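A.B. asks: Chain by chain, the residues:
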Amino acid sequence: MKKLMASLLVASMALVGCGGSGSKAKPEIALITDSGGINDKSFNQSAWEAVKEYGEKNGKGYKYYKPANFDTAGYKAQIKNAKDNGAKVIVLPGFKFAAAMGELQNDEKYKDIHFVLIDFQPQDAKGNNVEPKSNVYAATFKEYQPGYLAGYAAVKDGYTKLGFMGGIALPAVINYGYGYLQGANDAAKMMNKTVDVKYYYTGSFNESPEIKTKATGWYNGGTEVIFSCGGQICNSIFAAAKETNKKVIGVDSDQKSQSETVITSAMKNVKKVVKDEIKASYDGKFTGGVHLLEAKDGDVGLSPDFSRFKNFKKADYDEVFKKVSDGSIKIVSYADVDANAKGDPNTANLKSVLTNVTVDYQK
Amino acid sequence: MSIVYFLFNQTLLFAIPLMIVALGAMFSERGGVVNLALEGIMVIGAFSGIFFMNWAQTNQVLSGMPLLFTSMAIAAIAGLLFSMLHAFAAINLAADQTISGTALNILGAGLAIFIAKTVQDGAQNISFTNEFRIESIPGLGSIPVLGDLLFKNCYITTFLGFLLLAFSWYLLMKTKFGLHLRSCGENPQAADAAGISVYKTRYAGVALSGILAGVGGLIYIIPISTEFTGTVAGYGFLALAVMIFGNYSPLRIGGAAFFFGFTKTISFAYSSIPFIAKLSLPDTFYKLIPYVATLILLAFTSKNSSAPRADGIPYDKSRR
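Protein chains in written order, with my numbering: chain A, 1 to 363; chain B, 1001 to 1320.
Simulated from the structure, these hints should not be mistaken for laboratory data. Since this is a predicted model, take the numbers as computed values, not measurements. No residue lacks a Cβ here, since even glycine has one placed at the ideal position from N, Cα and C. Nothing false has been slipped in among the hints.
Using 25 Å as the maximum straight-line C-alpha spacing, the simulated PhoX-like pairs for lysine-lysine come out as follows:
| # | chain 1 | residue 1 | chain 2 | residue 2 |
| --- | --- | --- | --- | --- |
| 1 | A | K57 | A | K88 |
| 2 | A | K242 | B | K1152 |
| 3 | A | K272 | A | K323 |
| 4 | B | K1278 | A | K351 |
| 5 | A | K60 | A | K111 |
| 6 | B | K1278 | A | K161 |
| 7 | A | K96 | A | K76 |
| 8 | B | K1287 | A | K363 |
| 9 | A | K271 | A | K57 |
| 10 | A | K256 | A | K322 |
| 11 | A | K57 | A | K83 |
| 12 | A | K80 | A | K126 |
| 13 | A | K314 | A | K161 |
| 14 | A | K26 | A | K271 |
| 15 | A | K313 | A | K330 |
| 16 | B | K1287 | A | K342 |
| 17 | B | K1278 | A | K363 |
| 18 | A | K310 | A | K193 |
Derived CB-CB ranges, DEER-like:
| # | chain 1 | residue 1 | chain 2 | residue 2 | range |
| --- | --- | --- | --- | --- | --- |
| 19 | B | I1099 | A | D71 | 22 to 32 Å |
| 20 | B | A1073 | A | K314 | 42 to 52 Å |
| 21 | B | M1065 | A | A280 | 48 to 58 Å |
Please model the complete structure; the sequences and the hints are all you need to start from.
C.D. replies: If you want it as structure tokens, here you go:
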């Protein structure tokens, strides 16, 4: 019995580090997930859908790998695993791969593999961004654009008490938040009123009773809509919104099917990017480097359904979207403020812009 | 006044699952088996319960309260079975209970994700619809004050929690089984000499902890999320702390859970309490409140702390 238990334990450990594949062909297209998994309704899922669709349509083998440990060593092990299984394109969604990629792109053994990085660029051991090699496509997004659109739409729709809950204060999250504040501000200015925004980083990307209590507290205190910006913290915010009959703005992918409380989502079109780049790789048109994707090319924006707004119409959206994408509206981003601000919305550059918004930053 | 109702409501959100799991831990420890596996059992309980709920909701087999109770029963059974692994290692094999508990925590988290991914074609999260919140209980909800406190915007699990508290107190303090269990935790040799089967009694203690922790895991996840992602965020360990804080006795555990739940609520809902929000201290300060308050209370009360004397020591017949 002792031996049986021991072998069961060993077997369970050996199984943790594996993934799933979609067909019998050699898995040429590989996706390494981060801790979210392929139905996180966010990056991993969008990327996986793209991989799967391309693979099925073109008869290529595809497979995803879930690391056993979510650290650089764990990621590297799975990237190697993918290579050993014959991967030609490897998709890496999320900033956590930055250090692993910084190391591996200098490794001769990987120079024939195309890497598609979503939302980050390779970093050296000290955590500084380094230039991607020619076989590495690093997609980064102007998150402040969809953030701006979300804030703008919410205020235009008549909401005056908003909330922002970010996960961890990382550049991507901060950009969403800064854009949101400025969008709300500009809409408020046009409508000649002032708007209150409660602003908070939860410090995690997972749901918890703490986050739900915080959100319920805000909603009970008058907050009408919260921009939930951090992976699965949305689960707790949805639960709070449902109990109090209030609203949520989703993030990254279209979250309207997850909860009826979602009025709109500030999206990055991860699926399109991944699909385009896999295609480019097979067509021999793959170009490495950092690519900053933006509204102009339809890579970011609000979800296309406007039925859950009361007053904000598609025409209003098209109008502001045009202004955002052609650059006639200047948006202060993470890169424009003091790097030591760590996501503080009351930092000088930003504060001077926010004339009609009162920010309550709960640090 | 509405702020009081809000705070009370949120306190329950933390306190009820913590209390149920801590009561489970109490049964195990009073019988002499340290149960660190609570976290893992909670995960397994929540996983099985939510998995069934997801299945029943997609196929429209059950809904409403019957679904909730069936899911809880399934969570309880899963928790019970899982805890038996710990009981076997700790009681029959006389293994180090800390290690076996830790192993189960790792196994629980991995197993839930592994099964979910195998059955759901690679998908890790299991979604569910929370249809169990009660807007207002007819009749009871219209009682002034008390109605707003307890019978509006509530979960049936809250009352179940109170029932379990009363039941646990009665079982441990007033029945023959309770006396046997306590004696096995204090002096198993004497208990054995008196004709009590130490092994069986300890098994029963661990089984109760498995049932309660399994149910606690499910009750934890239902109100706070829309899907189960394979974690209960350390609440199993918090429950262990609550049990120690509650000095291994049912009523004190109830009190400790509510104290902890209340301070936890304050620390996350301070911005909606006018006079506290006015202090405008940093967020971190509020987050410290539950832990600092618990430390201070422990400093004053720990003198009377009484862990069962044979807690964590495997029973060995040959050692008298």
